[in-house]
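Chain residues, written in single-letter form:
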Amino acid sequence: MHRLDPRAKFLLVISIVVTSLLFTSIYVMVALLALQLPLLLAGRVARRWVYSLRAGVFLSVIIFVVNLFTSSVYSAIALTLRFLVLLTTFSLFFMTTSPDDLGLAIDKIGFVRWLSRKWLGYPNALSFTFTTAVRLVPTLAADAQTVVDAQRSRGLELDKGNLFRRVRNYVPILIPLLLIAIRRSLELAEALESRGFPGKEGRVSLFELRLGRADYGLIMASLGGLSMSVWVFLHYHVPLV
Amino acid sequence: MIENVNVSVHSGEFVLLTGPSGCGKTTLCRCLNGLIPNFYHGELLGELLVDGKTVASQLTSEVSRKVGYVFQNPENQLFALTVEKDIAFGPENLGLSREEIRRRVDWAMDATGTQGLKDLAPYELSGGQQQRVALAGVLAMEPSVIVLDEPTSFLDPRTAEGVVKAVDDLRQEHNVAVIVVEHRLDLVARFANRIVVMDRGKIVDDGKLGEVLDRDYERLSALGIGVPKVSLLWALLRGDNLVSGSLPTHVEEAAERLEKLVHS
Amino acid sequence: MGENGAGKTTLAKHLNGLLKPTEGNVLVDGEDTRKKSVAALSRKVGLVFQNPDHLLFSETVRDEVAFALRNFGYSNEIIQKQVSKTLEALDLIGYADTSPFLLSGGERKRAALAAVLAWEPDYLVLDEPTIGQDYLQKERLRDFILQLYSQGKAVVIISHDVEFVAEAGPEVVLMSKGRLLARGPADEILSNGDLVEEASLVKPQMARLFSQLGDGFPRDVVEVHRAKMLLENRLSQVKPAVPQGT
Chain L
1 MHRLDPRAKF
11 LLVISIVVTS
21 LLFTSIYVMV
31 ALLALQLPLL
41 LAGRVARRWV
51 YSLRAGVFLS
61 VIIFVVNLFT
71 SSVYSAIALT
81 LRFLVLLTTF
91 SLFFMTTSPD
101 DLGLAIDKIG
111 FVRWLSRKWL
121 GYPNALSFTF
131 TTAVRLVPTL
141 AADAQTVVDA
151 QRSRGLELDK
161 GNLFRRVRNY
171 VPILIPLLLI
181 AIRRSLELAE
191 ALESRGFPGK
201 EGRVSLFELR
211 LGRADYGLIM
221 ASLGGLSMSV
231 WVFLHYHVPL
241 V
Chain D
242 MIENVNVSVH
252 SGEFVLLTGP
262 SGCGKTTLCR
272 CLNGLIPNFY
282 HGELLGELLV
292 DGKTVASQLT
302 SEVSRKVGYV
312 FQNPENQLFA
322 LTVEKDIAFG
332 PENLGLSREE
342 IRRRVDWAMD
352 ATGTQGLKDL
362 APYELSGGQQ
372 QRVALAGVLA
382 MEPSVIVLDE
392 PTSFLDPRTA
402 EGVVKAVDDL
412 RQEHNVAVIV
422 VEHRLDLVAR
432 FANRIVVMDR
442 GKIVDDGKLG
452 EVLDRDYERL
462 SALGIGVPKV
472 SLLWALLRGD
482 NLVSGSLPTH
492 VEEAAERLEK
502 LVHS
Chain Z
506 MGENGAGKTT
516 LAKHLNGLLK
526 PTEGNVLVDG
536 EDTRKKSVAA
546 LSRKVGLVFQ
556 NPDHLLFSET
566 VRDEVAFALR
576 NFGYSNEIIQ
586 KQVSKTLEAL
596 DLIGYADTSP
606 FLLSGGERKR
616 AALAAVLAWE
626 PDYLVLDEPT
636 IGQDYLQKER
646 LRDFILQLYS
656 QGKAVVIISH
666 DVEFVAEAGP
676 EVVLMSKGRL
686 LARGPADEIL
696 SNGDLVEEAS
706 LVKPQMARLF
716 SQLGDGFPRD
726 VVEVHRAKML
736 LENRLSQVKP
746 AVPQGT
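Chains as they are written, first to last, in our numbering: chain L, 1 to 241; chain D, 242 to 505; chain Z, 506 to 751.
Don't take every hint at face value.
Said to hold, decoys possible - Beyond 12 Å from chain D on every Cβ pair, some chain L residues (computed): (1) L102; (2) F197; (3) F207.
Said to hold, decoys possible - Mimicking PhoX-like on lysine-lysine, the simulated pairs with C-alpha atoms at most 25 Å apart in a straight line are: (4) K658/Z to K540/Z; (5) K518/Z to K359/D; (6) K449/D to K406/D; (7) K658/Z to K160/L; (8) K160/L to K540/Z; (9) K525/Z to K541/Z; (10) K160/L to K541/Z; (11) K549/Z to K160/L; (12) K682/Z to K590/Z; (13) K518/Z to K549/Z; (14) K160/L to K525/Z; (15) K682/Z to K525/Z.
What the hints assert, rightly or not - Far from chain L, by Cβ distances over 12 Å, these chain Z residues were calculated: (16) N530; (17) D534; (18) D558; (19) E569; (20) G578; (21) A594; (22) A601; (23) V678; (24) A687; (25) R731; (26) S741.
Calculated from the structure, these hints are not laboratory results.
Glycine residues also receive a C-beta, built at the ideal position from the N, C-alpha and C atoms.
Here chain L stands alone, though its shape is the one from the complex:
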């Protein structure tokens, strides 16, 4: 699952998303969820998915309740399930795609390269911005923890006081963190230039994304599924319940 080309996987995501938006049927939603279960298991991300579902509980409840007032119970259930399908499919995509591969995939998209050239002057700049941001996440997270520790060691208590006070207490955390992030970025930029960035136009990467048989299989299955959904939508009425 992890080794499939992100472009193929994204096509799968699109076909699932479109299908779930075309229909308002509990059967369809359950079917879409069931379809993704083996994929989740194959990618060994089932446990993380369950965790992400818990995060989605709050919104699910809101969606359910709101729709309860505007239409029937069954409709509410279907729409809540649709939300879960969407959540699941995007989770599946991001959990099985490394930021590396994502960066490489973005770099291949003609539109992104064009945009990057217009905005930033270099075709690989945008995808690079993305991978650098991802690369910095764990580092800045560690910095944030250190700042919190340092300020607590000076008597800062983050869990005391009224709302106003608590918000103000975050100033000694945010300012150092912001400055550290800026400083890191500047140092990274220095180092980047010192390694020849941005380099020549026809720049070749050591690693390349290549579509394999499994990818083509997935692409065909996704396109097949998508066309089938559209055909069914145009010719039949799938009941709500």
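Got chain L sorted already, so can you dock chains D and Z onto it with the hints?
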């Protein structure tokens, strides 16, 4: 601001660039690979030549083909998501073919002993490993000069020794010129054959390490430079006429000479 | 002392309650750290982090130093007094109304130290205070630490600067891979080749010199002046040899 800088460095030299905090050593280094004036605002008056060609007007990305730069903070010079990709970054920017990039990456990993780290992410590495990876990334560009700005600040002594020795090995094998900025002389004294001392923006001393130490150790100490303890010891003993000769620059040299005196 | 990743900073964080032990306990002045908040423990144990940029956020150096005092609830009068006193002690009084971000690297490190010394904790923990400092700055730091020590404060320094530690002569605790390796006086520990190697350190130059000089010389020499005296004795005993020229 630095001024009146007239220095030439030859291939195969190991130059120690030192001076008190704020003397301009980092400023000088930044001029060497074009970060000044391209990245940092500043004016470069005068000429800077590498391999006989002027670099002052070139972009840092161009100059970095000739002058490699290893920064002080190991973590902030690794940008890719894996070690292998990071090392490949420089050669990729040079527009080389995939085979050539592969060859250089493998060679650089071999030369710095970082093969085993190739799939790890930067934040998973220790400081010493990060410095080695940064060094590999610079090496892969096959520069003729490598500048290292206080590369051992964040490293423990044993790891620091390892990194400096690796740099020296590379210098010997490939005849690159190495410039190391450091104010703890004992870490590099064993390897450096030349020292350039700066103070308040000017170069105040330049010559063979042994000679400069011998002549000026007091002044260097007064400037805040960490003169090796063995040199200081010898100077104290010499002051009492118990030993003679120029100051040793590192422990092995001092031990050899003292052994003869003590066991005669 | 110990290699990067040995657990020194982790241990330090247990001293003021930032981390609580999962087994065993940490006692500060007899009290279990698990029963007290970090703020309460910090009054006694001041922890100065390695990178001053993790601390500095105020508009002026004065405000920065006053921050902790305000958190601890001291009166304005006391705050004023303490701030001036601390700034004087660390030679930062000239920067009192400057923004901390305009200071140089070494000055910011002093400002961070001032921010923690402001409330005069009984125990002071410094995490790698010598990184980025030149020799003169380190000498000043060493003198300052010894002064605090002579005033009755307990000082814990985390450092991998072997020469700095050799000259300060404290009790040394070695850690490696999360465990305690050894504890003892600096000259004993730092001249022990096996221990030093396990902790990824190097012996101070004097110790290396004396271990190469072999028999007749003590091994636990780490400091230049003692080395000089020992060599003086030996050299004046031995008949003057042919002068060694190099």
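Going down the list of hints, with the structure as the test:
The Cβ of L102/L does not lie farther than 12 Å from every Cβ of chain D; its closest approach is about 10 Å, which violates its non-interface assignment. Separation of F197/L from chain D is inadequate, the least Cβ-Cβ distance of about 6 Å not exceeding the 12 Å criterion. Not every CB of chain D is more than 12 Å from the CB of F207/L (nearest about 7 Å), against its label as outside the interface. Taken as a hint, the K658/Z and K540/Z pair is honoured in the structure, with Cα atoms around 24 Å apart against an allowance of 25 Å.
Our distance criterion of 25 Å between C-alpha atoms is broken by K518/Z and K359/D, whose separation comes to about 32 Å. Taken as a hint, the K449/D and K406/D pair is honoured in the structure, with Cα atoms around 19 Å apart against an allowance of 25 Å. Straight-line distance between C-alpha atoms of K658/Z and K160/L comes to about 31 Å, which puts the hinted pair past the 25 Å bound. Annotation: proposed proximity of K160/L to K540/Z holds, straight-line Cα distance about 17 Å (limit 25 Å).
About 10 Å separates the Cα atoms of K525/Z and K541/Z, which keeps this hinted pair within 25 Å; it holds. Between K160/L and K541/Z the alpha-carbon distance is near 15 Å, which keeps this suggested pair within the 25 Å criterion. For the hint linking K549/Z to K160/L, the alpha-carbon distance of about 21 Å falls within 25 Å, and the restraint holds. Of the supplied pair hints, the one linking K682/Z and K590/Z is violated, its CA atoms being roughly 40 Å apart against a limit of 25 Å.
Restraint check: the Cα-Cα separation between K518/Z and K549/Z comes to about 14 Å, which is no more than 25 Å; the hinted pair holds. The straight-line distance between the Cα atoms of K160/L and K525/Z is roughly 20 Å, inside the 25 Å bound, and the hint therefore holds. Only pairs whose Cα atoms come within 25 Å are accepted, and K682/Z paired with K525/Z is accepted, the gap being roughly 19 Å. At roughly 20 Å, the least C-beta separation between N530/Z and chain L is larger than 12 Å, which holds for a residue marked as non-interface.
Its beta-carbon lying about 17 Å from the closest one in chain L, D534/Z satisfies the requirement of being farther than 12 Å from that chain. With a minimum CB-CB distance of about 6 Å to chain L, D558/Z fails to clear the 12 Å threshold, and the non-interface call is violated. Look at E569/Z: its CB is around 10 Å from the nearest CB on chain L, not clear of 12 Å, so calling it non-interface is violated. Against chain L, the non-interface label of G578/Z is violated: not every CB pair exceeds 12 Å, the least being about 9 Å.
The Cβ of A594/Z lies farther than 12 Å from every Cβ of chain L, with a closest approach of about 18 Å, so its non-interface assignment holds. Non-interface call for A601/Z relative to chain L: holds, since the shortest CB-CB distance, roughly 18 Å, exceeds 12 Å. The beta carbon of V678/Z sits about 21 Å from the closest Cβ of chain L, which is more than 12 Å, so the claim that it is off the interface holds. Every Cβ of chain L is farther than 12 Å from the Cβ of A687/Z; the closest lies at roughly 28 Å, confirming the non-interface assignment.
Every beta carbon of chain L lies more than 12 Å from that of R731/Z, the smallest distance being close to 37 Å; the non-interface claim holds. At roughly 53 Å, the least C-beta separation between S741/Z and chain L is larger than 12 Å, which holds for a residue marked as non-interface.
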